[in-house]
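Number of protein chains: 2
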Amino acid sequence: MHTPFPPHVLPVEPTHAYRLLNTGASVLVSSAHAGRRDVMACAWNVALEFEPPKLAVCLDKATLTRELVEASGSFVVAVPRAAQADLVATVGSVSGRDVAGQDKFSAFNIRHAPATQVDAPLVEGCIGWLECRLIPEPHLQQAHDLFIGQAVAAWADERAFAHGKFLALEATPPEWRTLHHLGAGNFVIPGAQIKGRQLAPRAPS
Amino acid sequence: MHTPFPPHVLPVEPTHAYRLLNTGASVLVSSAHAGRRDVMACAWNVALEFEPPKLAVCLDKATLTRELVEASGSFVVAVPRAAQADLVATVGSVSGRDVAGQDKFSAFNIRHAPATQVDAPLVEGCIGWLECRLIPEPHLQQAHDLFIGQAVAAWADERAFAHGKFLALEATPPEWRTLHHLGAGNFVIPGAQIKGRQLAPRAPS
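Read top to bottom, the protein sequences are chains A and B. The first sequence begins at 1 in our numbering and counts up one residue at a time. The second sequence begins at 1001 in our numbering and counts up one residue at a time.
Chain A extracted, bound-state conformation (with noise of 0.2 Å):
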């Protein structure tokens, strides 16, 4: 398996690609069938399994790239880092079908690189990806607008993203934080660290 972007991508440990989603950053979720390719932000993913990798994505009826991604049954999540802010909101509120005669990835200039197991591209810049075979399920898909998939490989950025997990918080300039959205292209972006301690039970009466 090659490595999409050397030098600093590296091959995340499929135990460990659930932590790319655990502190539910939005994600980007491209795509890409017969020609045709879209990209989309999803503030409304989740993990579902760490081993193998599950999770599942929200993706609204309206979109092209539910459309592809029936058509492939595949895509892929990337994280993106804060920098990317601008191309998230910008990809989160202009359809893939309105973009007459092209595609996001060419009206936005959006570098992107192939990915190993699935069609769909990986947007580079990001903190990491999850290439991810759709497990079809399509009452939860009609219904709710559910899309799990099974990530079949998973890359991240050690800038970001090393040894299966994020790197500490003080290691991680702003512009390489996830990002969280608020709504309406506002987002947060992780500014301290805490642990929670255990509790001791108190003993029952």
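In short, the hints are calculated from the structure, not lab data. Heads up, the beta-carbon is just placed ideally off N, CA and C, and yes, glycines get one too. Among these hints, one or two may not hold up.
Unchecked claim - Straight-line C-alpha distance at most 30 Å; calculated BS3-like pairs for lysine-lysine:
1. A:Lys61 to B:Lys1195
2. A:Lys165 to B:Lys1195
3. A:Lys61 to B:Lys1165
4. A:Lys165 to B:Lys1061
5. A:Lys195 to B:Lys1165
6. B:Lys1195 to A:Lys195
7. B:Lys1061 to A:Lys195
Unchecked claim - Derived list of chain B stretches under chain A, where covered just means 3 residues or more per stretch with a C-beta under 8 Å from a C-beta of chain A:
8. 1022–1035
9. 1098–1106
To be verified - From chain A, some residues computed to sit far from chain B (all C-beta separations above 10 Å):
10. Pro14
11. Gly35
12. Gln117
13. Val152
14. Glu158
15. Ala171
Please build the complex by placing chain B on the supplied structure of chain A, with the hints as guidance.
The following block gives chain B in isolation, referenced to the frame of chain A:
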């Protein structure tokens, strides 16, 4: 409908309830049935719909919470604040099956109040609460551990979330910010807010 915790806790409009989950914070899931009750931490949660507000939480088969959700057909999703990190880490690592002779509420002295629409208790001191009725999806629950809820009431503490959105970060002391789980009881909390600008598409070539 009464307000569970006056004077700072106010109802959230149904169309704004999803915003409590949009940034991907870890939540608490509480449940009750036939005199038993439980509460657990859940990083794997996702909003699914604006109106009526829907969401999904991933509940492992080993959890008592899951058993009570299945039995009662309802649950509460609460968005805890950074000041509750110890509580979140604790109820996230101890099973309700392992606090012999009591439950987590008594074992860890968790203050709570009755909900208005469901039997599950509301953990006090959180940022917001979504009282949910389970939308039964047996295959989804069994195959992917996903439980879909429709929020039938929502509440938020105006010191963190008011008028349908989180307060500006500079108006929110760190202890009132959301918790985003890295793993093993380590959390990041928001530290900066940024706005993604809309990029202009370039003309098709």
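Against the structure, the hints come out as follows:
This hinted pair checks out: Lys61 of chain A and Lys1195 of chain B have alpha carbons roughly 26 Å apart, not beyond 30 Å. In summary, the hint linking Lys165 of chain A to Lys1195 of chain B is supported, as the alpha carbons are separated by about 26 Å, within the 30 Å threshold. Taken as a hint, the Lys61 of chain A and Lys1165 of chain B pair is honoured in the structure, with Cα atoms around 26 Å apart against an allowance of 30 Å. For the given pair, Lys165 of chain A sits about 26 Å from Lys1061 of chain B by alpha-carbon distance, which is consistent with the 30 Å threshold.
Restraint check for Lys195 of chain A and Lys1165 of chain B: satisfied, since their Cα atoms lie roughly 26 Å apart, inside the 30 Å limit. For the suggested pair Lys1195 of chain B and Lys195 of chain A, the alpha carbons sit about 28 Å apart, so the restraint of at most 30 Å is met. For the proposed pair Lys1061 of chain B and Lys195 of chain A, the alpha carbon gap of about 26 Å is at most 30 Å, so the pair holds. Counting residues of the region 1022–1035 of chain B whose beta carbon lies closer than 8 Å to any beta carbon of chain A gives 5, which meets the minimum of three for the stated coverage.
Under the rule that three or more residues need a Cβ within less than 8 Å of chain A, the assignment of the region 1098–1106 of chain B holds, with 5 such residues. For Pro14 of chain A, the requirement that its beta carbon stay farther than 10 Å from each beta carbon of chain B is met, with the minimum near 15 Å. Every CB of chain B is more than 10 Å from the CB of Gly35 of chain A (nearest about 16 Å), matching its label as outside the interface. No Cβ of chain B approaches the Cβ of Gln117 of chain A within 10 Å, the least distance being about 21 Å, so the stated non-interface status holds.
Non-interface status of Val152 of chain A relative to chain B is upheld: no Cβ of that chain comes within 10 Å, the nearest being about 17 Å off. Every C-beta of chain B lies more than 10 Å from that of Glu158 of chain A, the closest at about 17 Å, which supports listing it as non-interface. Distance to chain B confirms Ala171 of chain A as a non-interface residue, since its nearest Cβ pair spans about 13 Å, more than 10 Å.
When each numbered hint is compared with the structure, no violation occurs for any of them.
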